[in-house]
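S.K.: Given the sequences, and given the hints that come with them, work out the whole structure.
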Amino acid sequence: MKTISLTATSQGKTTLADTVTGIAWSPQGSYLSAASAAGEVLLYRWLDRGLSEPVSLGKTDGEAVNALAFSAEGRFLAAAGQAGELWIWDLQASKGELDAGRAFPPAVTQLHSGTWLDQLAWHPSLPQLAYGVGNQVEIWDVAQQSSLAQLEFHASSALHLAWHPQGDFLAVSGHGGLKVWHAKDWSQDPRRIDVPGASLYGAWSPDGRYLGSGNLDRTLTVAEWDSPPPWLMQGFPGKVRQIAWAAPTAEADTPLLAAACVEGITLWERDANSMARSKDWTSRVLEHHQETVVAIAFQPGAQLLASASQDGKLGLWTAGKRIAQTLKGFSQGVSCLQWQPSGELLAAGGKAGELKVWRIEERASRGFG
1 MKTISLTATS
11 QGKTTLADTV
21 TGIAWSPQGS
31 YLSAASAAGE
41 VLLYRWLDRG
51 LSEPVSLGKT
61 DGEAVNALAF
71 SAEGRFLAAA
81 GQAGELWIWD
91 LQASKGELDA
101 GRAFPPAVTQ
111 LHSGTWLDQL
121 AWHPSLPQLA
131 YGVGNQVEIW
141 DVAQQSSLAQ
151 LEFHASSALH
161 LAWHPQGDFL
171 AVSGHGGLKV
181 WHAKDWSQDP
191 RRIDVPGASL
201 YGAWSPDGRY
211 LGSGNLDRTL
221 TVAEWDSPPP
231 WLMQGFPGKV
241 RQIAWAAPTA
251 EADTPLLAAA
261 CVEGITLWER
271 DANSMARSKD
281 WTSRVLEHHQ
291 ETVVAIAFQP
301 GAQLLASASQ
311 DGKLGLWTAG
321 KRIAQTLKGF
331 SQGVSCLQWQ
341 PSGELLAAGG
351 KAGELKVWRI
361 EERASRGFG
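Residue 1 in our numbering sits at position 1 of the sequence shown, with consecutive numbering throughout.
Don't read these hints as lab results, they were simulated from the structure.
Hints are not guaranteed to be accurate.
[What the hints assert, rightly or not] Derived lysine-lysine pairs resembling DSS-like cross-links, with alpha carbons at most 30 Å apart:
id	residue 1	residue 2
1	K59	K95
2	K328	K13
3	K328	K239
4	K239	K321
[To be verified] Just the calculated beta-carbon pair ranges, DEER-fashion:
id	residue 1	residue 2	range
5	R209	R363	19 to 25 Å
6	R322	T9	19 to 25 Å
7	R322	R49	31 to 37 Å
A virtual CB, placed ideally from N, CA and C, is assigned to each residue, including glycine.
M.R.: Here you go:
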């Protein structure tokens with residue numbers, strides 16, 4: 001009988017001035033950036049011994065930075081927030097300052113006065129950034145320093161942005177559902193995936209076959225691309241605030257989808273052999289946290305699920321089925337988490353400003369039982 005043992009080793013801790021509102025690893029895993037409700041944007045180099053001293057890239061006057069992400073090749077870092085400003089730093093052009101631990105100005109600054117910018121997402125292979133500005137989504141080409149398109153959502157502000165894994169489409173969540181634009185021709189009318197209330201969080205499966213939506217009205221929508229109609233999963237005790245897809249593995253090639261709702265996580269798995277569409281998806285509830293689950297993420301290339309809760313705990317779930325380990329040390333709750341792209345490290349931020357990193361190792365052994 002094969003058993004799994006999980007080891008989480010602390011790799012260090014630091015503290016920001018206020019709640020950690022965002023964490024981003026560079027694609028190569030060599031840099032970690034963190035933002036806070038105090039308006040900080042900090043950049044750390046990842047060293048064998050842990051995090052370096054931070055380079056302070058920006059500081060607003062107490063206005064939160066809510067969105068943070070590296071571009072696909074790791075050259076650019078974007079941040080935006082309550083002040084209505086979008087900043088894009090060019091790490092390659094400022095390598096000298098970065099190596100010396102000195103701050104450097106952003107290469108791009110876009111000001112949208114009176115608008116809270118809280119959604120941005122990089123194209124998965126090109127230096128193109130999508131970010132929400134009220135009920136519009138701006139597509140910005142960093143290389144050309146120009147706008148490629150302004151997409152109108154109309155019904156509400158953009159609540160979440162999700163690029164297709166191959167960059168072919170951009171899904172925008174908002175009131176009434178998702179709108180999906182084709183990246184090869186932004187002028188085309190978007191495809192709509194309607195939901196009863198509002199789509200809060202959209203995410204594509206790693207193979208791009210499915211598009212899921214966590215919804216305000218206590219439902220979960222899953223669309224198989226080009227195979228309508230979508231499935232609607234009901235019965236959640238509250239709004240579905242975030243969803244996450246697991247990458248297929250050699251042991252499991254069926255879709256695996258996690259949905260965070262209140263203090264629980266529901267795991268959905270598709271039965272490809274089901275003869276009835278209504279029974280295509282089976283679910284099980286993962287119970288461990290005592291307060292609201294604020295973030296979930298599968299380890300890249302695996303089915304190890306990490307969950308963060310306002311109860312101050314991080315949960316690690318083996319194969320998305322059972323709790324394997326609980327990580328603590330957040331005095332006022334966990335606010336965000338992100339895996340290093342290699343899957344070796346897990347970073348999490350807290351409401352009291354804690355920023356912690358663990359090395360996660362999973363080992364399989366054989367025994368009798």
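S.K.: Hint by hint, note whether the structure agrees.
M.R.: Going down the list of hints, with the structure as the test:
1. K59 with K95: holds, 20 Å
2. K328 with K13: holds, 12 Å
3. K328 with K239: holds, 26 Å
4. K239 with K321: holds, 22 Å
5. R209 with R363: 19 to 25 Å: Violated: the Cβ-Cβ distance is about 31 Å, outside 19 to 25 Å.
6. R322 with T9: 19 to 25 Å: holds, 21 Å
7. R322 with R49: 31 to 37 Å: holds, 33 Å
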